[in-house]
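Student: What follows is each chain in one-letter form.
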Amino acid sequence: MNASPISSGCAAKIATRVAYGEALVEMGERFENLVVLDADITKAMQTGAFSKRYPERSVDFGIAEQDMMAAAAGMATMGKIPVVNTYAVFAALRACEQLRTFVAYPNLNVKIVVSHGGLAVGWDGVTHQGLEDMSVVRSIPNVAIVHPADAVSTKKLLPQILAHEGPVYFRLGRNAVPVIYSEDHEFEMGRAEVLTDGRDVAIIACGLMVSESMKALDILASEGVRARLVDMHAIKPLDAAAVIEAAELTGAVVTVEDNNILGGLGSAVAETLGENCPTPMRRIGIRDCFGESGEPDALFEKYGMSAAHIADAARQVIALKK
Amino acid sequence: MASGSLADMDAVARQIRCDIIKMIHAAGSGHPGASLSSVEILTALYFSVMKVDPERPRWAERDRFILSKGHACPVHYAALARRGFFPVEELATLRRINSRLQGHPDMNKTPGVDMTSGSLGNGISCAGGMALAGKMDGLGSRIYVLLGDGEIQEGVVWEAAMTAAHYRLDNLCAILNNNGLQLDGNTRDVMNIEPVADKWRSFGWNVIDADGHDLDSLVAAFDFARRAKGQPSIVIADTTKGRGVSFMEDECDWHGRWPTVEETESALLELGDRP
Numbered sequence: 024m025n026a027s028p029i030s031s032g033c034a035a036k037i038a039t040r041v042a043y044g045e046a047l048v049e050m051g052e053r054f055e056n057l058v059v060l061d062a063d064i065t066k067a068m069q070t071g072a073f074s075k076r077y078p079e080r081s082v083d084f085g086i087a088e089q090d091m092m093a094a095a096a097g098m099a100t101m102g103k104i105p106v107v108n109t110y111a112v113f114a115a116l117r118a119c120e121q122l123r124t125f126v127a128y129p130n131l132n133v134k135i136v137v138s139h140g141g142l143a144v145g146w147d148g149v150t151h152q153g154l155e156d157m158s159v160v161r162s163i164p165n166v167a168i169v170h171p172a173d174a175v176s177t178k179k180l181l182p183q184i185l186a187h188e189g190p191v192y193f194r195l196g197r198n199a200v201p202v203i204y205s206e207d208h209e210f211e212m213g214r215a216e217v218l219t220d221g222r223d224v225a226i227i228a229c230g231l232m233v234s235e236s237m238k239a240l241d242i243l244a245s246e247g248v249r250a251r252l253v254d255m256h257a258i259k260p261l262d263a264a265a266v267i268e269a270a271e272l273t274g275a276v277v278t279v280e281d282n283n284i285l286g287g288l289g290s291a292v293a294e295t296l297g298e299n300c301p302t303p304m305r306r307i308g309i310r311d312c313f314g315e316s317g318e319p320d321a322l323f324e325k326y327g328m329s330a331a332h333i334a335d336a337a338r339q340v341i342a343l344k345k
Numbered sequence: 017m018a019s020g021s022l023a024d025m026d027a028v029a030r031q032i033r034c035d036i037i038k039m040i041h042a043a044g045s046g047h048p049g050a051s052l053s054s055v056e057i058l059t060a061l062y063f064s065v066m067k068v069d070p071e072r073p074r075w076a077e078r079d080r081f082i083l084s085k086g087h088a089c090p091v092h093y094a095a096l097a098r099r100g101f102f103p104v105e106e107l108a109t110l111r112r113i114n115s116r117l118q119g120h121p122d123m124n125k126t127p128g129v130d131m132t133s134g135s136l137g138n139g140i141s142c143a144g145g146m147a148l149a150g151k152m153d154g155l156g157s158r159i160y161v162l163l164g165d166g167e168i169q170e171g172v173v174w175e176a177a178m179t180a181a182h183y184r185l186d187n188l189c190a191i192l193n194n195n196g197l198q199l200d201g202n203t204r205d206v207m208n209i210e211p212v213a214d215k216w217r218s219f220g221w222n223v224i225d226a227d228g229h230d231l232d233s234l235v236a237a238f239d240f241a242r243r244a245k246g247q248p249s250i251v252i253a254d255t256t257k258g259r260g261v262s263f264m265e266d267e268c269d270w271h272g273r274w275p276t277v278e279e280t281e282s283a284l285l286e287l288g289d290r291p
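Protein chains in written order, with my numbering: chain A, 24 to 345; chain B, 17 to 291.
What the hints contain is simulated information worked out from the structure, not anything from laboratory work. Watch out, some of these pointers could steer you wrong.
[What the hints assert, rightly or not] Here chain B is said to cover these stretches of chain A; the calculated rule only asks that three of the stretch's residues, wherever they fall, bring their Cβ under 8 Å from a Cβ of chain B:
| no. | stretch |
| --- | --- |
| 1 | 77 to 84 |
| 2 | 128 to 138 |
| 3 | 188 to 201 |
| 4 | 270 to 280 |
Even for Gly, the Cβ is constructed at its ideal location relative to N, Cα and C.
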């Protein structure tokens, strides 16, 4: 394995949506056809810096996500690279049909950037928590799904997403999360990152659950268990080679996501392993239920998604391979 | 044929009606009523009003047309074929497997189709996005979108109506095919849309009335819309569903009914089809 991509400094905490807003404004010059579309949540989506610098390339549709999504499709036919900004639940569910029929089906070059993915949204409760958005979008052809773990990967992946020809669903989070990667680490859209090289169990995680899994790694290490942690930012197309490699090296797999375990990362990994190298596995995530309001860590505890739960799932799969 | 005189356009409109009947009969399914009611609208646009080039269907500076009421695509396909975008013979492949002519419009399959459409209410949002992009680039292109009167019951239409007025999209012209019928019956009985002109006016649109079966009236309406500055226009085109075939006219049943062999012959006879 090459030098660790993990930042050696003390971990600052930055929300991926904040990192996105900072990176977006820098993309204006490089992508002159980039236009930024909002639906009245520019503050939450952090698009203000872009619209301040490029007012003529920013359009607010008001509280009208369906109109925004279909208009983005129209703009893309005119050669623009429209970036639609809203919360996961509103892009993937409220504007789902516009995304499916008018963006994905014609394979138009629209980028869908969403914040507030997952139970980690916390206090706002179910209406604003994207609990199944990745499952819904993953079932729509032509759309790539990228879910970065931290601020560095968010910033490094954004230009690749904008350069990618076709629709991309870029899922960001509301809350500040630890910066995992060192600033000089280079990413490739669609290629998983291997963070640790243990051989007892593989933990394949995405989004903020990568840092939650790092806490689980500490618990496991104290018991002498060494885990291979894979940051699967590429939910679709899935980095299947990285999944199979992790399964072959460890013989036991745990997936970790802040999304319904039906249809998201856990499903994608299970499908890949089932067809290529059946391996004992457990899925950590939202267990096909709705969430509720609350402090994010308390919710993770209640819904079985904390570091302790991840460590427990790791022990279970290790036991299965014996 | 290329764009031409009104007399020529009358002949084109009659030919397009015959094409529609033949296509839907050959396909075994389709929507004759809506197609027949939109014939003059499509004829006026493609043979007089719109800047298009059949040799360059993706020409950047062309005008755009979105058939938001996508189920009326036979009229669109016939107009495109007669304008020279693809061979007229291909019309017989409508709705068949491997055909470029899908049951609803597909921008990647059919030359001349500017936007995939058919799920009702969304075409006007796509048109708004095109108009916004056109404004950003200072493009002279005009964006046309045809809506059904039943279609405007969809809520997203009114989101798009607000957007177009808010951003003063005077390069956008909607056409309402006001035929008074939808699948389940009279629009006024299923879900009343009246007062329809007042609704659009109150949303900030320039409202223009037209006889949707009179080419002069339609061309004049589109000219009027072109001259309106600072607001989008909508041409409320009064039409008759099934227009041109007496037994289909104003009959809700013909929204999505397939014409039998006898009905097809009878319709073509009435339209003066010359083989």
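Student: Next step is simple, just say for each hint if it's right about the structure.
Tutor: Right, here's what the structure says about each hint:
1. 77 to 84: The restraint on the stretch 77 to 84 of chain A holds, since 4 of its residues have a Cβ under 8 Å from chain B and three suffice.
2. 128 to 138: holds (count 3)
3. 188 to 201: violated (count 0)
4. 270 to 280: violated (count 0)
Hints 3 and 4 from the list above are not met by this structure, while the remaining hints are.
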